[in-house]
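Novice: Residue-level listing of the chains:
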Amino acid sequence: MRIACPHCGARDMREFTYLGDATVARPDPSAPGALDRFTDYVYFRDNPAGAHREFWYHAFGCQAWLVVTRDTRTHDILSVESRAAK
Amino acid sequence: MRDESTRPLGQPGRLAQGGEIARSRPLRGRFDGRAIEGFAGDTLASALLANGLRLVARSFKYHRPRGILTAGSEEPNALVELRAGSRREPNSKATVTEFYDGLEARSQNHWPSLRFDLLAANAWLSPMLGAGFYYKTFMWPPSFWERVYEPLIRRAAGLGRAAGASDPDAYEHANAFCDVLVIGSGPSGLAAALAAARAGARVIVCEEDFRLGGRLLADAREINGMPGELWTARAIEELRALPEVHLFPRTTVFGVYDGGTYGALERLCDHMPVPTPHEPRQRLWRIVAKHAVLAAGAIERPMVFAGNDRPGVMLASALRTYAKRFAVVCGRRVALFVNNDDGWRTAADLARCGIAVSAVIDSRREVAPHVSALADKARIFTGAAVIEANGGSALRSITVRSNAGTETISADALGISGGWNPNLHLACHQGARPVWDERIAAFVPGAPPPGMRVVGAANGSMSLGACLREGAQAGYDAAEQCGFHPKAASAAADDEPCAVDAFWHVDLSAKAFIDFQNDVTGADVALAEREGFRSVEHLKRYTTLGMATDQGKIGSMHGLATLATLMGRSIPHAGITTFRPPYTPVAIGAFAGPHRGKHFRPARLTPSHRWAQEQGTVFVETGAWLRAQYFPQNREDDWLTTVKREVLTVRSAVGFCDVSTLGKIEMHGPDAAAFLDRLYINTFSTLAIGRARYGVMLREDGFVLDDGTCSRLAPNRFFMTTTTANAERVFAHMQFCHQVLWPELDVQFVSATDQWAQFSVAGPRARDLLAKLVAPFDLSNAAFPYMAACELMVAGDIPGRLYRLSFSGELAYEIAVPARYGDALARLLMQAGEAFGIAPYGTEALGAMRIEKGHVGGQEIDGRTTARDLGFGRMMSGKKDFIGRVMAARPALLETDRRVFVGFKPVNAQDRISAGAHLVPPGVPASAAHDQGVITSVAFSPSLQHWIGLGLLARGRERLGARVTAADPVRERFVEVEICAPCFIDPEGARLHA
Amino acid sequence: MPELVARSGLEQLVVPGRVGASTDAPGVTIALVQDRALAAVLARKNRAADLASAVHRALGIDLPVEPRVVTGEALSFVWAGPARWLAMAERVSGEALLRELRAEFADLCSVIDQSDARILVRVSGPRARNVLVKGILIDLHPRAFAVGDAAMTNIGHVRAHFWQTGATPTYEIAVPRSYAADFWHWLIESAAAYGVLIEAK
Amino acid sequence: MRYSALALAWNAATGNRSWKPLWRDPDPRESYDVLIIGGGAHGLATAYYLAREHGLRNVAVLEKNWIGSGNAGRNTTIIRSNYLLDGNIPFYEFSLKLWEKQEQELNYNTMVSQRGVLNVYHSDVQRDVFARRGNAMRLHGVDAQLLDREEVRALLPYVDFDDARFPVHGALLQKRGGTVRHDAVVWGYARGADRLGVDIVQNCEVTGIRMAHGRVMGVETTRGAIRAEKVALSVAGSSSRLAAMAGMRLPIESHVLQAFVSEGIKPLVDNVITFGAGHFYISQSDKGGLVFGGDIDGYNSYAQRGNLAALEDVCEGGMALMPMLGRLRIVRSWGGVVDMSMDGSPTIDRTPVGGLYLNAGWCYGGFKATPAAGWCFAHLIARDAPHQLAAAYRLDRFASGRLVDERGAGAQPNLH
Ligand SMILES: Cc1cc2nc3c(=O)[nH]c(=O)nc-3n(C[C@H](O)[C@H](O)[C@H](O)COP(=O)(O)OP(=O)(O)OC[C@H]3O[C@@H](n4cnc5c(N)ncnc54)[C@H](O)[C@@H]3O)c2cc1C
Ligand SMILES: NC(=O)c1ccc[n+]([C@@H]2O[C@H](COP(=O)([O-])OP(=O)(O)OC[C@H]3O[C@@H](n4cnc5c(N)ncnc54)[C@H](O)[C@@H]3O)[C@@H](O)[C@H]2O)c1
Ligand SMILES: Cc1cc2nc3c(=O)[nH]c(=O)nc-3n(C[C@H](O)[C@H](O)[C@H](O)COP(=O)(O)O)c2cc1C
Ligand SMILES: [Zn+2]
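Chains as they are written, first to last, in our numbering: chain A, 4 to 89; chain B, 2 to 995; chain C, 25 to 225; chain D, 2 to 417.
Think of the hints as simulated: they come from the structure by calculation, not from any bench. Any given hint might turn out to be false.
Calculated pairs, PhoX-like style, for lysine-lysine (alpha carbon to alpha carbon, straight line, at most 25 Å) [as the list claims (entries may be wrong)]:
| # | chain 1 | residue 1 | chain 2 | residue 2 |
| --- | --- | --- | --- | --- |
| 1 | B | 512 | D | 98 |
| 2 | B | 291 | B | 645 |
| 3 | D | 176 | D | 102 |
| 4 | D | 176 | D | 98 |
| 5 | B | 881 | C | 69 |
| 6 | A | 89 | C | 69 |
| 7 | D | 102 | B | 512 |
| 8 | D | 21 | D | 176 |
| 9 | B | 488 | B | 291 |
| 10 | D | 21 | D | 65 |
| 11 | D | 267 | D | 176 |
| 12 | D | 102 | D | 288 |
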């Protein structure tokens, strides 16, 4: 698998580490029901067979956290965005 | 006997002329101890045949005599043990083993010998040993499985013997990129390569054979009016001259991976007895190609009839290959049994080499006259079949059934051709399902993976003309899509007849082999169907069809087709099993490449490594690092003596230890303090400049992630440390927090782990020692108290850092200098410390002292403990959010009977406690019901003169002074221990504040 | 007070002379680059553009915004990630480089000494590319990677930052100091077949 | 027909014509008492124990492909109960005990081979971590032995003790651990369940779950709708997809795990060996192939195939541990979709939907659990109450914090 890092260019997957589901967002820790929401945030995941937005970290490269949209049935990479400030 | 084995056989099978062999370079080797001769350009198989050896192997299950079936990597029978000693390679295919001088090979899987194999008796039992027989028996008595049945089965199974010794050869990895990867160098591949390369594209051609040319080396054909081999030679010459073309013979593309990544194995030195110096045996290529052209050709199918595995029965195309390419005749009385036009060409090609074909048996009723004309001298049987191949360990005759009845024809070679299977393996590695093509009665590639084009015989286009056209077109298209301007192709040849009628078996007897290598017969397929294994995948797994080293290249198609017939289904409906990498077997060593032995993983070395080596230090692998474990001195003969001395030196004088392995992070920026507040459970924004603080981080799930210290060097400048083990994970976590969670924070950080050589200098004389190194810096308690931190000059003018941190509990400092000075600083510390009785200490003493002081380490931060468990409950700030705060408040994490961090000392001071022991109340059996915790770390305390331990115990903090049993049944140690506070030395901290 | 002597840690390994196959001319020439100061330069939040202009004003060079190395008179900058660079200067101390950069660009970036965090190796010669492709999974063909190009990647299990400085080709490779011995081993093994010259510094 | 040596002989004498299919191939009926989704080892074992232990025979197992096509048919066959945590040991030990009598109960030779499982360690710290685990096992009455270097050398002379980056110091041995012929387990349970009346329906993909008033009503399949009051999900790597049909998200990611087999060779590796310093484990199949694997590829995938990086990583581990492997060749690689859970442990529990039960999250280690998972899942389905051996595997543990995290890796599936 090769991921086109927006900063570095297309690179083999072994330069990256994986964190999974990027559709979740860290809840407001002070909002009511925070514990339930955090449980959801930390443990419960989208796990689709198809397009999946997921976090990859360009560990050996530029150390940017990327949001990669990838088809989990074919491993085709549909898009890559960076979360690193430019 | 000896005489006989060394006497050359004289190559009775070698034709007087022809062949792509170098007659000027004769070679000698040995097969089963017998001398064999050949020429450069031979394979072991062609040499064996030239020497007149036809029986070369015994089959897997029934130990049937086997010969050479093919001339390629699809060979199921002729597997040998190649080389000897630690280089022995079992199951090597004679058909792709290049012959070299001194080659040594042995036949395998027989007892006592190849010719007289007593295990051939299995064949008599074959009715009982059909598919899956072992699932139905060997169940009684139950205890016999491991002791009797399984060892018997294991010994019978398997083919060759592994060397069983460390592989002495080297392997290498390499990466390549190209516009067009061409897989296979037959006419299709060469045409593709030429079209793309002429346009200027970067082209790589991989060919598994040691010679390029594919079937053009084996078949007598013409291209552009010239002999095929001449065209090939010219094409290769032209390609070789182009700067952007790389031709890789002896290189098999074995797998297709995501993103246009192809795995290929180059055999650099397999055609010599041992690799040349500095060369690896094999090189594993990862090829990233924008486009790939799969021109892997087709694999001929056998015919299924009784005795079809008899030595002498060979693929018709193999007969042609041996004759034309190797100038070897496989028999003097040759017959052919075919179901397609192409098989007939064998007669014409062999005739050209002076070998007459005596009979052609075609299963089809009708054969076009211009096809049958190819064998004008032979007896022709149409609508006929060979029903049995007769003979013992060599073919003697065939029994033919035709309209005219049954007759036996004398033959010592039978060429069989059941049609051709496009070699679509690689087109399917990404999961594409092949589709059935009735025209050629074979599967052709479905949608190939992105970027791949399949051409020529691999695509089901069997005629040479079509191969050239398709190849050139694919090369053209690929180059064009890469932005080049290719020109139309020029090579042309006829579209020879290649009609075929499906023909799957003559009979389904127990002697009609479908999967030769696994001895799967027609009877097995029928049995499987009868027992309900009606999915092709069930058939495969129940009978082991297609699971041998040839992965069904030879037999699978017949098996699947037979199943379909038996069930009355169409072949495409029944389907085909999955193609998986590797295309042909690949050595495990090649995948590992250079990462083996001491270089399995890099050993990270500390700045003082060299110096420590000189001290005769014992090193220990701690994760990625190699660290000094202890520094034995003269006459210290066990590690504990050394460690005791090291600890006592620190406690009484001064010692030092390289702690450069700690993860180090430099953090700058206006929001650095705010960022740290969110990372750690405690607060850092309040930290004064020039001060350090201990900090604990949680994971978002509320369990402890890591601990370390963080110093504030300037208002917006921090220096933090992580544990050695977690450095990478913490750094990535921090990047996540910054980039994803809080991008609004203006903070910058980099890893500085390798930048600094950092030494802990500890002991009552630490200040006196350091004073010599950092003068004129004021080290007094007032100027530089416990937990102070600063930048300063070391040894005059080296910019360094000093932190007054203590892991040992003594008056201690961590001093850091740029890593290049680490070695010198170690030497300087030794020299300057001599007057104070200094000793270096290693990780053992470091660990012992941390246990004496009750600091948590990796055994306590095991990913299941909370800050409260470890005694950091009060550090958790209630005034701010931080990672893990919310989840740390889950009910189970707050329970009062959790196992918490406490210390242990043996009730009987002589007793040794061990880490890993479980804690049960005294006097009760050591059973799970009574399990209350565990000892996580132990050390011998030289100060206390007994073993001490740290651990996790249910309600431990409420039970100080009480006793539990430390039960260590795996080491048969049961020790009564007293629960104590996790600090054994100087609990008030007087020493570290000294 | 005795002076502290700088050591690369590779003294035992970097022995000038020929190793590997005895070819007429060495296929690969390898040298340890010493006396070069390195500093990580990280733009403050939203200040990358300002930093670039300031660098341009002060040094007359453009900070690379993609993986490249830009060489100025006294200073070079290698791109090291989004809004991050590795500044390099010959024959000055890390401390001096730090001081200079902090003085010039104080509010625009954070500057952190990395002079000792890496070992820098120069690999050149007609077979240099053949050696690097054994570890680097990046296209090094001149059409794809030319003089001035840079990349961060891994060589085997080792993190590496490298750039091409000459067409011969010549590359400079920075690896974390603690990995240097392992990296050196790999490098020499991979180059041996081509004949290696290890240069004195 | 009962299987035995005698039966083999009799059939051989009569042309092997009387063998019968191991299971019928029925069309699905309109309704069942219980529908089990997933014809893997777990689903079939569940059906078998439902019928045998709870007398529930109006049961169908629905399988989208052919039975055993999922992880049951692609795992590396290791069974063991050498766990650390209290939530795990009794469960896996119960499973091991069921394995020990499985062949006689099923009258099918599943080749349960208790050849011993060794986990080698490389340092004193790792030794103590293994000792902790071994002691936990012993406290639960499970066999465990801590071997030192020489004891390992006697068993595994070919391991690299000398030139290794991480020299072997010893091993934790569970003698009763071993391997089982994976496909035979599927076929054996299928045959057993079929004989008790269970319908095994292949090529029947569940495409929807019918619910009303918070209760399950049945399923939609590619072979039509089927009614049932109880629906039990046992679909391993597809768990999230099935749960999504019922409107649930799970604490699971589906990852690819690869495995490899070498060419067949004469006996070479007699035990199951797991390398403690890299990602590698190995055993030799009775057919002669070395079956080995390592870490998951590390990313979500339903492709049932992986990439080169993981393959290289595994072989590096193999060569580091046993450099004699170098010249042996891999003949095939494959991948399975494993249901990696957030704490590395499974869930056998009810769901918020009445009558819908879940058996999932087995990660890379659910094969060894097959008998116990089937047993406990059957109990849960029949009684609507969790079995006490699976008490730790509840869904609410993520909210409560009562996790079963053997590795302590936290909520990141690819680290477990
Ligand atoms: C490479 C590999 C190696 C492993 N090694 C080991 C090991 O050594 N030891 C060990 O204990 N464990 C091992 N495991 C894990 C083990 O294989 C699994 O945990 C276990 O097999 C899962 O249970 P199962 O057999 O029921 O799953 P599966 O066999 O996967 O069964 C699930 C079934 O559900 C079916 N299904 C899915 N969706 C639907 C639908 N919509 N409708 C109908 N049917 C559906 C699937 O087709 C599949 O047949 C390994 C796994 C892999 C992939
Ligand atoms: N008339 C017929 O029925 C018929 C049938 C089959 C073939 N043919 C003839 O055979 C020829 C086919 O030409 P072609 O070029 O398509 O195929 P080819 O068989 O000539 O060449 C294919 C080449 O690919 C190589 N190869 C296969 N897999 C490989 C891999 N994974 N990695 C590296 N190399 C690999 C093979 O070693 C071979 O040299 C034509 O001459 C055609 O006429 C005719
Ligand atoms: C324990 C075990 C042993 C195997 N042995 C072999 C073997 O000897 N030969 C072979 O071709 N495949 C072998 N396989 C792999 C299967 O052929 C197949 O690849 C695997 O079951 C996955 O199925 P799939 O490849 O059809 O998707 C083995 C698989 C397992 C789980
Ligand atoms: Zn990047």
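Novice: Determine for every hint whether it applies to the structure shown.
Specialist: Right, here's what the structure says about each hint:
1. B:512 x D:98: 42 Å, violated
2. B:291 x B:645: With Cα atoms ~63 Å apart, residue 291 of chain B and residue 645 of chain B exceed 25 Å; violated.
3. D:176 x D:102: 16 Å, holds
4. D:176 x D:98: 13 Å, holds
5. B:881 x C:69: 23 Å, holds
6. A:89 x C:69: Measuring from Cα to Cα gives roughly 9 Å; hence the hint holds.
7. D:102 x B:512: 37 Å, violated
8. D:21 x D:176: Since the Cα atoms of residue 21 of chain D and residue 176 of chain D sit roughly 37 Å apart, the hinted pair is violated (cutoff 25 Å).
9. B:488 x B:291: 20 Å, holds
10. D:21 x D:65: 24 Å, holds
11. D:267 x D:176: Within the cut-off at roughly 22 Å; holds.
12. D:102 x D:288: 23 Å, holds
The structure fails hints 1, 2, 7, 8 (numbered hints given earlier, in ascending order).
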